[in-house]
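Residue numbers (my numbering), protein chains in the order written: chain A, 1 to 154; chain B, 1001 to 1211; chain C, 2001 to 2229; chain D, 3001 to 3251.
Hints were generated in silico from the structure; no laboratory data involved.
Some clues are possibly wrong.
Said to hold, decoys possible - Pair ranges (Cβ atoms, derived): (1) P3100(D) / L91(A): 37 to 43 angstroms; (2) G1008(B) / E2229(C): 27 to 33 angstroms; (3) F2036(C) / E1178(B): 50 to 56 angstroms; (4) L3145(D) / A22(A): 54 to 60 angstroms; (5) P3100(D) / L23(A): 36 to 42 angstroms; (6) R3118(D) / G2061(C): 24 to 30 angstroms.
Unchecked claim - Take a look, some chain D residues computed to stay more than 12 angstroms from chain A by CB distance: (7) P3030; (8) A3036; (9) V3044; (10) L3216.
Even glycine gets a Cβ: it sits at the ideal position worked out from N, Cα and C.
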Amino acid sequence: MTARQRRLAWVAAILSGVGLSALVAFKAFDQNLLYFVDPSQVVAGKAPQGKSFRIGGMVTKGSVVRLPGSLEVRFVITDFAHSVPIRYTGLLPDLFREGQGIIAHGRLQNGEFMADEVLAKHDEKYMPPEVAQSLKTAPQPSASLSTQPAQGQP
Amino acid sequence: MTSAQITGPILSVRDVHLWRGASHVLRGLSFEASAGEVWVLEGANGSGKTSLLRVIAGLLWPEEGSVQWHGDALRAPEDATAVSVSYLAHDAALHDDLTPLENVRDATQLQRVCATEEAQTILERVGVQIADRATRTLSAGQRRRVALARVLLSHASVWLLDEPWTHLDAAGVKLFQELITDKVNKGGLVILSAHHEVGLPSRSLRRLALS
Amino acid sequence: MRIALRPWPHVFVMVYQRECRLALRRWSQLAQPVVFFIMVTTLFPLALSPEPSLLRSIAPGVVWVAALLASLLALETLFRADWDNGTLEQWALSGQPLAILLLGKVSAHWCLTGVPLVLSAPVVAYALGMPWTALGVLMGSLALGTAALSLLGAVGAALSLGTRRGSVLLSLMMLPLAMPVLIFGARATDLAMSQDAPDAGLWLLAALLIAALSLVPVALAAAVRISFE
Amino acid sequence: MANFTWFYRLASPPTSYAAAGRLWLWFAVPAVLLIAVGLYGGLVSAPADYQQGDAFRIIYVHAPSAWLSLLGYSVLGVSAGIGLIWRMKLAHALAAAVAPIGASFTFLCLVTGSLWGRPMWGAYWAWDARLTSELILLFMYLGYLALRSSFDDVSRADRASAVLALVGLVNVPIIHFSVNWWNSLHQGSTVLRVGGPAMPASMLVPLLESFLGFTLLFAALSCVRLRAEILMRERRPTWLQDGLTVSASHE
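My request is simple: use the sequences and hints to build the entire structure.
Here it is as C-alpha cells:
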C-alpha cells in the first residue's frame, strides 16, 4: 500500500465509524424522546406514578383561582383534548396567564398535579400591544395554533 | 525507489531553519549523507545537536527547508524512514517497571517478531547480565547499554544516536565504537552527536560543526 | 529497504498486553479510581441525609458525576511515564500507525480502570438504595459511558503533556466535552429506576462510544506528535 | 499549488499585518454606526412587546451575542483546522485572537439572558436548554484558553489548542442536542423560523441592524487582536523592525 492508499483507508474507516454512530443515534430517535407529559397522557395513565415529572399544556381560560391570604393557586391545564387540575404555592412568573402555555414540575396526587415549580413558555411572536389587541378582537381561527404548547419540541 | 536508494544519498537535509522560542537554532543547514558514513554533529551545549537529530527523525518540523530520505520528502516518520531508522534519544525509552529484557523486546516487537533468546543474546553482547530485574534498579550506564541493545535489535540501516556514550565507562565506550564501526563497514549510516572526540576511524568520518 | 512490518492488529495486542503487565505490577494504583468512586458516592448520604427517597432521587446523578470524575482522575497519568522516558517517541518512529498503538493503550486502560468501576456499581447502587431492577441498565450504561470517557479524556491527557499544570487542566478541558455522556448516562439510569424504557439513552451512549472510537485515535496521535515539539 | 499563491501571500505575516491594519477601520466605522442605529431603534423607537413589555428589548444585545458566541467558536475551530493541516501560522494567530472575543460574547449572552429570564421566567437562571448550552460553550472557551495559556512555547500552544478546538467543534452539535434532549424551555428561533420572521418591521429592522453591527464589531475586534498576535509572534524576523523603522521615519 502506498502512503496515499493508506491515508484513504484511514479516511474511509473514520467516515464509516462516524456513519455507524449516526445510525445508532437515529435508532435512539425511535424511542420515546418526549421532554414533558401532556394532559392526555396523564388521563390515559401513562404518566409516571409516585415520581415527579414535567407536565406541559395551556392554562384553561377562567380556571385560575387564587386562595385569598396565601400564595396558593389552582388552575387547569389542557391540551385541548383532556385537562388536568394543578395546585401550586408560590410566585408565578410574569408570563403566566390564562390561555398561555406553561410547564409545571411536580407529582400527581389523587388525580391532581402538585406543582413545585411553574415555568411560563413564551411563544415565538413579538408584537406591539396594539397589534396583539387587534388580533384578539378580530376572529382568528389560526391564532390558537401558535399558542398551543409545542409538544415534544425544543 | 529501490534503484534510487542504492546510488544517491540516503539522507539529504536542505536549508533547514529552526527556531526554539525566540532563538534561531538551526540557520540554513544543509548536508547529504550516504551509506557507509558516520556523521558526527559537534557543538557546544545548546548548539542544536539534539534538535537537528529530532528534525532528521521527523519528531520536529523545521520552519523552513526540507529533510528527504531516498529523495522522498519526509512527511511523517513512518512514511519514509520507518524501520530503517533507529533513534536513541537522551532518555533511553525504558520503562522503570519493566525488565530490560521486556523493554527491548517490546520495542522490537513493534516491528517484527523477536524471540526472548535473541533479545537475551544481544543484551549479553552489550554487557547487561541482569536482564530480568526491574529497570529502575539499573545504573545510568547500564540503562545506556540496554538502550543500545534496542538499537542493535532494530535491524535499522540508519542509526541516529544522541550522545551515545553519556554515562558509559571506558569499556562501554570502546564497545560502542566497535559496534558503530562495524555498522558503517556493513553499509549502514550512523549520525551521532558528541561534544568531544569520538575515536572513530577517520576513513568514513564526516564532521558537522554546529554553532 | 522497508522490512515487512508486523500487521497492526498484532501490535495492538502487544501494546495491550504490555499495558496490562505494567498495571499489574502496580496494582495498588489500579484500585485507586474504584476506591475514589465508592468513597465519593458514599459521601452523599453522609453529607445530605440517609433518607431513602432522597438518596434514590439523587442516585443517578451522584453515580454518574462520581464515575466521570474517577475516569478523569485515572487518566491524568496515562501517558506521563511513557512520554517522560521517550517510549512514545519510539512508537511514533516505529512505522506502525501511532493511532492504533495509542488506542491499544487506552483500551487496556479502560479494561483496568473502567471495568472495575462497572463491577463495583452494585455496591454503590445498594448504598444509595437503587432498585435492583435498574442495576442492569446502570452497569450497561456505565460500561458504555466510561469507555467513551476514557477515550475522550485520553485526548485531554495527551494534550496536557508538557504543560506545567496537568491535573486541573485536564478536568477544565474535558468536563464540558464530557457533558453529553453524563446527560445520556444519568438519564438512562434515571429512566430505568422509574421503570421507564431507558433505550434512548443507551442507544445514544453507544453512538457516542462509536463516534469516539472512530475519531479519538486520530486526535490522540496528533496530540502526542505535537507534544514532541 | 500555483493557484494558491495569493493565499500564501495573504497568509504571510507582513501582508496580513498590514491587511488587518487597513481592514479594522472598514469594519469598525460601520459597526459603530449600525450598533448605534440598531440600539436606538430597538431600545427607543420600537414598540414594546404585547406580552413581554419593555423587557423584550434586551433581545437587541442578547441575540447578536448568542450568534457571535457560536460564530466565534466556528472561526476558532475552522482556523485551528487550517492551521493544523496546512501548518499556517496566521490561522493559529487568528484562532488565538478570536478565542477571548468569542468567550466575551458568550459571557455577555449569558448575562443578558439571565437578566431577561428574571421577568420572563421568574428567575435569573432557569436550566433552560439554550442557556445551558451557552454555559457549556463558555466552559469550552475557558478550557481552550486554559490549555493555550499553560504552554510556554507558542507554536506548541497553537497546535495543541487547535486539536482541542477541533474536538470541541465536533462536540458542539452533540452537546447542543444532548442539552436539548435533557431539558427544553425556550422559544423557538424568532428570525429564522419557517414562514418568515414573526416580527413586525418596526422591531425586526433594528434587530437586523444590531446583528450586522455586532458582527462587524466582532470582525473589527478580531483584526485588532490579530495584529497584536502577529506582533507578539513575529518579534524575531526583520521585516517587522524594518517596517517599524520605516514608518517611524515617515512621521
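Hints and how they fare:
1. P3100(D) / L91(A): 37 to 43 angstroms: 38 angstroms, holds
2. G1008(B) / E2229(C): 27 to 33 angstroms: Between G1008(B) and E2229(C), where Cβ atoms are some 29 angstroms apart, the hint holds.
3. F2036(C) / E1178(B): 50 to 56 angstroms: The hint (50 to 56 angstroms, Cβ to Cβ) holds, given that F2036(C) and E1178(B) are roughly 53 angstroms apart.
4. L3145(D) / A22(A): 54 to 60 angstroms: 31 angstroms, violated
5. P3100(D) / L23(A): 36 to 42 angstroms: 39 angstroms, holds
6. R3118(D) / G2061(C): 24 to 30 angstroms: Between R3118(D) and G2061(C), where Cβ atoms are some 27 angstroms apart, the hint holds.
7. P3030: Nearest chain A Cβ is 26 angstroms from P3030(D), so the label holds.
8. A3036: Since the minimum Cβ distance to chain A is about 22 angstroms, A3036(D) lies beyond 12 angstroms and the statement holds.
9. V3044: 14 angstroms, holds
10. L3216: 24 angstroms, holds
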